[in-house]
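Student: Residue strings, one per chain:
2 protein chains.
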Amino acid sequence: MDLSERQLQILQAIINDYVENAEPVGSRSIAKKYDLGVSPATIRNEMSDLEEMGYLTHPHTSAGRVPSDKAYRLYVNTLMKKKNLSARDKRLISDRLQASRDEFDATIRHAAELLSEITHLTSFALTPATNEETIAFIRLMPVDERTIILMIVGESGNVTNTTMRLKVPYTQESLDLLSKNMTVTYKGRTLDDVLKSHIIEDVGTDIEALSSLRGNVMPGFLRTLEDMLNVNLYMEGMTNIFNLPEYSSIDRARDFMQLFAQKDWFTQKMLQRADGVVVTIGDENTKMKDCSLITATYHVDGKLVGKLGVIGPTRMKYDEVTSLMEYLTNNLSESFRLPDGKDDE
Amino acid sequence: MDLSERQLQILQAIINDYVENAEPVGSRSIAKKYDLGVSPATIRNEMSDLEEMGYLTHPHTSAGRVPSDKAYRLYVNTLMKKKNLSARDKRLISDRLQASRDEFDATIRHAAELLSEITHLTSFALTPATNEETIAFIRLMPVDERTIILMIVGESGNVTNTTMRLKVPYTQESLDLLSKNMTVTYKGRTLDDVLKSHIIEDVGTDIEALSSLRGNVMPGFLRTLEDMLNVNLYMEGMTNIFNLPEYSSIDRARDFMQLFAQKDWFTQKMLQRADGVVVTIGDENTKMKDCSLITATYHVDGKLVGKLGVIGPTRMKYDEVTSLMEYLTNNLSESFRLPDGKDDE
DNA sequence: GATTAGCACTCTGACTAAGCGAGTGCTAAC
DNA sequence: GTTAGCACTCGCTTAGTCAGAGTGCTAATC
Chain A
1 MDLSERQLQI LQAIINDYVE NAEPVGSRSI AKKYDLGVSP ATIRNEMSDL
51 EEMGYLTHPH TSAGRVPSDK AYRLYVNTLM KKKNLSARDK RLISDRLQAS
101 RDEFDATIRH AAELLSEITH LTSFALTPAT NEETIAFIRL MPVDERTIIL
151 MIVGESGNVT NTTMRLKVPY TQESLDLLSK NMTVTYKGRT LDDVLKSHII
201 EDVGTDIEAL SSLRGNVMPG FLRTLEDMLN VNLYMEGMTN IFNLPEYSSI
251 DRARDFMQLF AQKDWFTQKM LQRADGVVVT IGDENTKMKD CSLITATYHV
301 DGKLVGKLGV IGPTRMKYDE VTSLMEYLTN NLSESFRLPD GKDDE
Chain B
1 MDLSERQLQI LQAIINDYVE NAEPVGSRSI AKKYDLGVSP ATIRNEMSDL
51 EEMGYLTHPH TSAGRVPSDK AYRLYVNTLM KKKNLSARDK RLISDRLQAS
101 RDEFDATIRH AAELLSEITH LTSFALTPAT NEETIAFIRL MPVDERTIIL
151 MIVGESGNVT NTTMRLKVPY TQESLDLLSK NMTVTYKGRT LDDVLKSHII
201 EDVGTDIEAL SSLRGNVMPG FLRTLEDMLN VNLYMEGMTN IFNLPEYSSI
251 DRARDFMQLF AQKDWFTQKM LQRADGVVVT IGDENTKMKD CSLITATYHV
301 DGKLVGKLGV IGPTRMKYDE VTSLMEYLTN NLSESFRLPD GKDDE
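Chain order of the listed sequences is A and B. Quick note, the first sequence lines up with residues 1 to 345 if you use this note's numbering. Quick note, the second sequence lines up with residues 1 to 345 if you use this note's numbering.
Worth flagging that the hints you see were computed from the coordinates, not collected in a lab. Computed from a prediction, not measured in an experiment: that's the story for all the values here. One thing to keep in mind: the hints can contain errors.
Pairs count within a copy or across copies, as identical chains cannot be separated in the list.
The list that follows gives simulated cross-link-like pairs (lysine-lysine, DSBU-like), each with its CA atoms no further than 35 Å apart [to be verified]:
1) K180 with K32
2) K263 with K83
3) K167 with K303
4) K167 with K90
5) K263 with K303
6) K70 with K180
7) K317 with K269
8) K180 with K83
Assemble the whole structure, with the sequences as input and the hints as a guide.
Tutor: Structure representation (structure tokens):
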């Protein structure tokens, strides 16, 4: 049961109008604004059919029509066309990203900022997941009599460290020995892998003196690994939604805000999404059934994968937002090729 | 022009009632609930005097009275008594803080969480300011042909590092040499000091080979120092305010949320506040003139100073909140004495 | 002189009714 | 199949009413 050409035109017109004005659109205004060559009455008939098919809804009898999630889905899948960014936006992006090029996290945060500034919606960025990262080396360093630093370095240049206080004294030699020992054991293995295999067993304890030091260090090592696996979430433009009519009710606004109160939950959800530009509309989401969510992935050094996202009402300029996100993630992936990459020797 | 004993009693009663119910309180309800031995009419007269003195206001002619900022100030300064925490809260606190004792940032974040859970307000925590931190050593480590890690370790065990890509090749020896070189130059100096003195000049370049390596490393070094000076801000319970009647208007709620959108500004403001428990009420704040803000400081190793804070409407249980914060910061300072301290050998 | 009872007055908030405007749905004509 | 016309529906706004809470003042009382 396909839609006729005219039905598609009308649907598109309704979506455009509703996205713009956030108000149910009536047959008359469609007929006036869009030159479809038919009268309001005809449009009313088509609207009625579209409603029956589930593409439109009706807040109440004497109101105009509102696009349903199904309509937006159709729009995103087949109707929408790629948009070119304005020169202004392009310049804004390149300026901002250039400025922070060598600071990894700052660049990612700036990307999220740009996203919320340009779309006027809420955006976020996730630093790349590191579960595929492999260990390059591990080093222990002295701070004072009882305090040492444990440092884990990944092969993509990721670094994480913890300061830990030992219950036993140590010597420089024992630290060096244990560092080597651990590096040999774990080098080349992924963080996930190391964390999962119950490593306490793994490390060879050929030398007696190391045994107690190792015992002291292991919990901190595990903690540091976990820490290294954590991705950072940067949220931007949360208050933007207050300017949208759909969030003029305090309850709606609260629900929206509360989504992001549980950062961990949200981060997990976002990590689970497929790669590339992914759009989920309204009901397709587990929570936030009245929002749409668009995510896209960028790559670091062609390997590690991070995410950008935009959240807003289902009434959203899908064409502009997806185009922008595609542009931004390409730009990011490009930026992150050289500095961390191994492809310019 | 001091207040009489009875006026103080009435003021206290009004504050109690208003803090509890968020509604203007009338003379009759005071007379009924609090046994002051006088009739509503007398209370009305006193109220009228209190209003003249600026302790009460009047939303409109036929409404009850509402305490002014001045009244809360009086209450906080002289009327309020220290409250003991409930056994339940004490247990909650010790459980939660114990659980994360060895993870510094996690502990601080948990303190903020506790604060918002117990008070049902918005809370935050700042990791300690590190401008007084002194440098212990600096180390450069190889990752691959062109990539190295720069690591700065402070004498309190603070560690920060950056991965940087060099434009020139390097040798292990040159890294070691530069590490030593930099450590000798900066050891014992505060981060602030090092960052301010235009260090490019400072490092001795006795050996020619180091010169270009040094030139490559310096920008990253400065960036890392800056990074090390940054404090982290953890906000908790932002959505709690949606449950308060004073934020049932969307505009109020938006203003509140927007305060925290500029994290940097907010952080700076909070760092400027005096040590100890500090209460600022309504108009005493630069922004958020309809909020009260309570901050308290905790200490790490008796030296570095971090902050906890609570933000809510001026209608707030000042006695409970300040008591809680005192308890929490003492607890934190206690926790942070041993692990990072040097006082148990 | 301080306190209190009594009462007129004020203001809010909830409720109701009327009127307006936007938009539909149906019917009959084209 | 398309369109004009028209009755009808529904929500929103405005005005009006009423009850309730509370004050402020006055005059009586302790």
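Student: Going through the earlier hints one by one, which of them does the structure break, listed in rising order?
Tutor: The structure conflicts with hints 1, 6, 8, although it agrees with all the remaining ones.
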